[in-house]
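K.L.:
Heads up: the sequence lines are chains A and B, in that order. Just so we're aligned, residue 1 is where the first sequence starts under my numbering, counting upward by one. Just so we're aligned, residue 1001 is where the second sequence starts under my numbering, counting upward by one.
For the record, the hints were derived by calculation from the structure and aren't laboratory data. Keep in mind that this is a model prediction, so the values were computed, not measured. Heads up, the beta-carbon is just placed ideally off N, CA and C, and yes, glycines get one too. Each hint should be verified, as a subset may be incorrect.
Unchecked claim - Here are the in silico distance ranges between beta carbons for each label pair:
| # | chain 1 | residue 1 | chain 2 | residue 2 | range |
| --- | --- | --- | --- | --- | --- |
| 1 | A | Pro619 | B | Glu1124 | 52 to 62 Å |
| 2 | A | Glu668 | B | Asp1084 | 58 to 68 Å |
| 3 | B | Arg1057 | A | Ser750 | 25 to 35 Å |
| 4 | B | Gly1056 | A | Lys127 | 52 to 62 Å |
| 5 | A | Lys127 | B | Gly1045 | 16 to 26 Å |
| 6 | B | Ala1081 | A | Glu668 | 46 to 56 Å |
| 7 | B | Asp1084 | A | Asn431 | 39 to 49 Å |
Said to hold, decoys possible - Incomplete in silico selection of chain A near chain B, CB under 10 Å:
| # | residue |
| --- | --- |
| 8 | Met119 |
| 9 | Glu237 |
| 10 | Val238 |
| 11 | Gly481 |
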Amino acid sequence: MAHDPSYTNQEFKVIGTRPPRPDGLDKVTGRAKFGADAFAPGQLVGLILRSPHPHAQIRKIDTSKAEKLQGVKAVITSADMPDLTNGNRNMLDILENCMARGRALYDGHAVAAVAAIDMPTARKALKLIKVGYEILPHVTDVDEAMKPDAPIVQPYVRTTGVEPKPKKASNVSQVTQFGHGDVEAGFKEADVIIEKSYKTEQTHQGYIEPHACLASVGPDGQGELWVTTQGHFAFREVCAKLLGMEVAKLKVTASEIGGGFGGKTHVWMEPVALALSRKANRPVKLVMSREEVFRSTGPTCSTSVDVKIGAKKDGTITAATATLRYQNGAFPAIWAMLGAMTSYACYNLKNVKTVGYDVLVNRPKVTAYRAPSAPMAAFAVESTIDQVAEAIGMSPIDFRIKNAAKEGTRASYGPKYGPIGIGPTLEAAKNHPHMRARLGKNQGRGMACGFWFNFGGQTCTDLNIGVDGTVTLTVGTVDVGGSRASLSLIAAEELGIAYERVKCNIADTGSLGHNDMTEGSRGTFSSGMATIFAARDVIEVLRERAAKTWEIPVEDVVWEGGQAVAKGKAHGNLTPLTLSDLAAASPNSGGPIAGHNEVVADGAGVSFASHICDIEVDPETGATKVIRYTVIQDAGKAIHPDYVEGQFQGGAVQGIGWALNEEYVYGEDGRLQNPGFLDYRIPVCSDLPYIDTQILEIPNPNHPYGIRGVGETSIVPPLAAIGNAVSNAAGVRMTHVPMSPPRILKAIKSEQAELAAG
Amino acid sequence: MSAVLVTTTINGDRTEFVCETDETLLDALRNRLGLTGSKEGCGTGDCGACSVTVDGRLVCSCLVLGVEAEGCEVNTIEGMADGDVLHPLQAKFIEHAALQCGICTPGFLMAAKVLLDKNPNPSEVEIRFALAGNLCRCTGYDKIVRAVKAAAKEVRKR
């Protein structure tokens, strides 16, 4: 992990070390409090009634019997959550997803909710609610939903991005297009053109902690919400808006979060819990079951993608196109657009064009899932890249290296790249021992590249010096994977003190200014930036206090190695003042010593990765085994390498599950058939080898330490890397994810049949 | 409503609690006794986040009734450390960054402890299969396996 010191011109002391995380002890002893671990005096149990139909008109909801049941304190429907969104359709969609308004739009859509004194009573009450449904035709497949006679999911939706503007409702909510050059001319220059279609099935983030919250709203209009979330400030704003509350009067506290991966960036049942609490005037705890999590929260898109790539015999790609159809569930979003932006981001292309179709179906609202939309686009593009390389007789790695984007490349989605890591990760892959390891029988090797934008955003951080010289670092970005450790390292580095003297806390919404969510791989990037600036703010105060103590000009005081030092011949007799000295004197030298920073952390450096994997395929059964897996990714600067590696490994394994096993299975009836971990199979420990990692550090010039986000890119290459490996092992091109045993077996059999017919 | 008094030993302490006859041991531990270290990730025995031992046997407490704990010795994550001394597994999980979000950690530690109690020198494959009933979505299991290996080494020294 060579860091380029010429860039920041500083030698790091604690950055790059691997100390124990501050929340470690609580998490290994059961003390850490997650979403479902809070209790309030007089709390009620909340439960939600969900539609069993994928699409239905709700004629009537009779709650009278439930209301009369002993122990029931509140029953609500959409009538208790009136539309206060003032024509903001986006917000109304969120409200409608929380509670159906006249129509159930997917299997699992909330239609009513109860709060009762205990769980048995709440369960009984749910059964007493009678809903009159008129079942409507439904559509759950993305290609079916685009057909002209498909049932319309949202009658208000008119396709945007096409001319002339349509007058009729459509399931295509938007069409977006990216690229440059002339692809038709480019294809004419090509010696080889490969054109192929791909499908990926819907997957869930699969965080182990179900959504959970404890809501309390009083008749005075004040409220509190304890919730597992990736962004409590955003939750506060959305909940306040939907419920007609004042933002300042709703205090939201983020619990420890048991995994999110994008799925906890949206409100689901939190506004419902608040509405129940308001009606009952008692605290309400609402915890989802696993089945509810699968049926009604955050899956990613299923997709259908066509790719066409042309290249010259010398390996130059002359033109590339992609048409991407992504289903968004029942509410319009931008997922195909993100797919269209990321498709070719790894490459330096003269002629490129991508078109995205965002499509509505009767499935749950799609949410971000770790580098949302990029893995599916990468599956289609990177699978085709391998086929083009094969067709012109180049190795997949050399073909990628030849066409890789570099500093100054105009990205297919618009901007010109600064210093980027795609080339270095490919070179590292080429030189990795994994590339030269021998393969056994029925084994295949695959590789693929991945890209993610990364994000910065609004950030607000406090840094306070205690009277004993210890440091309280207060941030507003939820810690999803160890960021309290990395942010403490950053504060210690700036102040020149030991890591152990910093304590990082996640503030509630009443204690700090707005912070955007922990999403877009922004936690350590943006709060790290704000921590650096807040610490430098504190150093200014410390220098002033020292100058005052010594009665010398502040210009003569520098902060070095954790203490104020007087510079200049005249001050040679002055003993340096440590942080502890200055902290102890603070009550009489001007009061508390504090630093603060608020920033829109622009300039999140883009992120690239290259993955290599070996897969063994059993030709008799289609079963697969991951033999070896290597992740190479640019981190900009790894603050706490353990947690950087952890992000690489975790993302890769989520991708492995997606590639080989995980999928939402919908029946003809439009109902989800496998809403549980038994039938929706995420990878387990015995499925996997160790996941090797290699961290590269190509500094992000927009961050004082060169940090790039590291959380998401690692899930982008696996689908394609595994697809290429399985295709090489099985001798047949796989075009449908997940590559489950039946799908692989079918592909092998039809290839054999074709050869026999040959 | 048919609550029953259950007398049991939890983490070495004689404990009484009242629960419904259809109430899970997990709910009793969490909601009646405040032992929220055991987590509910699925409620169907698939994720292992609620792992505890009953008379030394590893179980998903979401699949055990509270009343079944009558007369039994139940151990949970809250009882794993010996006073202020962490079990080697707990120490190594922190040292090896074997957790990210931490929701699955109590279950993994309980399952790993049962493994090491039986077999203080497990191979990588044995560790992977012993932990196959516990789901982790953050780590890819790499650092968990390494932490268990390191903890086994410590256990063997004792």
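K.L.:
Which of the stated hints cannot be reconciled with the structure, identified by number in ascending sequence?
P.N.:
1, 3, 4, 9 and 10
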